[in-house]
Amino acid sequence: DFKAPCSPLNIKRMDWTPEASCNTALSMTRTGANYQHKVTLSNYSLSDHETTYYETDAFNRSENKPVANQDSRYDKEFPIQDEQLKNRPSSTKSWQEAKDYCLWLGKLTNYPIDLPTEAQWEYAARNRGKNIYFATNNGYVQQIGSRYVDKDGSIHEYTKEQGNYGDFGDIKRWSPNPLGLYDMAGNAGEWVNDWYSKDYYKVSPELNPQGPETGTEKVVRGWGGSMPLTTSRSHEKPIDSMYYSRRGFRCAVQSPTSIY
Numbered sequence: 002d003f004k005a006p007c008s009p010l011n012i013k014r015m016d017w018t019p020e021a022s023c024n025t026a027l028s029m030t031r032t033g034a035n036y037q038h039k040v041t042l043s044n045y046s047l048s049d050h051e052t053t054y055y056e057t058d059a060f061n062r063s064e065n066k067p068v069a070n071q072d073s074r075y076d077k078e079f080p081i082q083d084e085q086l087k088n089r090p091s092s093t094k095s096w097q098e099a100k101d102y103c104l105w106l107g108k109l110t111n112y113p114i115d116l117p118t119e120a121q122w123e124y125a126a127r128n129r130g131k132n133i134y135f136a137t138n139n140g141y142v143q144q145i146g147s148r149y150v151d152k153d154g155s156i157h158e159y160t161k162e163q164g165n166y167g168d169f170g171d172i173k174r175w176s177p178n179p180l181g182l183y184d185m186a187g188n189a190g191e192w193v194n195d196w197y198s199k200d201y202y203k204v205s206p207e208l209n210p211q212g213p214e215t216g217t218e219k220v221v222r223g224w225g226g227s228m229p230l231t232t233s234r235s236h237e238k239p240i241d242s243m244y245y246s247r248r249g250f251r252c253a254v255q256s257p258t259s260i261y
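Its first residue numbered 2, the sequence shown is counted upward by one per residue in my numbering.
Please note that the accuracy of each hint is not assured.
Claimed, not checked - Each computed DSSO-like pair below joins lysine-lysine, with the alpha-carbon atoms no more than 30 Å apart:
hint : residue 1 : residue 2
1    : K108      : K66
2    : K203      : K13
3    : K203      : K131
4    : K203      : K100
5    : K152      : K13
6    : K108      : K94
7    : K100      : K199
8    : K199      : K94
9    : K161      : K13
10   : K131      : K161
11   : K238      : K87
12   : K39       : K199
13   : K66       : K94
14   : K173      : K100
15   : K173      : K66
16   : K66       : K238
17   : K13       : K199
18   : K100      : K238
19   : K238      : K108
20   : K39       : K131
21   : K238      : K94
22   : K108      : K87
23   : K203      : K39
24   : K131      : K13
25   : K173      : K87
26   : K173      : K131
27   : K238      : K4
28   : K108      : K173
29   : K161      : K87
30   : K238      : K199
No lab work stands behind these hints: they were computed from the structure.
My request is simple: use the sequences and hints to build the entire structure.
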């Protein structure tokens, strides 16, 4: 029963207890994330980072497609990736671009690589399904310079050494979660494989849920807004009119055998 404290002292420093009885966010009812359900997953592996421009440009070159440019996504082809972009999460215009990259990487490596399912993404963000509200190194959101009040009423400010979350930028700037996964609570929102349905959690199977068979929108997880909760989900049209820098993805190996 993964609920949140109803009146936490610090909303970004919450600890789960069996008495927790409130939704973690108001949006949970709107998106259907408040329907709690049991999930059992087969073994899989998840990339430790969001796919970067450097990586997607390798795919684009192999397919004779334009590579990224800081001024325009389809400006022109050029041989050297912009140094300012190469370690940023790759932007997407469509869900299919993310899907195609993961499938291409699978063919290249001879591994069954695809986008993760929504359930796989959340299981990893929650450190193997534990009751963790934020997928940071310690389960709290600690932005450099922001303040919090401790149980004794004292006010503290997070130092540079304590920071574990921040604005959009290069991957791996902050410490990973306990599974070694970076930016599960920040940077870009991430496409997953599932179609979106508000009521899917009510009817989803326990074993390896794959999402609805059809739909009009795809699920996005892990958006780095002010409250990057592990349970938050959003949904977007699978194709947009332009590239959106904060909508990226990471791939998963859909195999019970580790590739390492």
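Handout entry: Violating hint indices (sorted, rising)
Key = none
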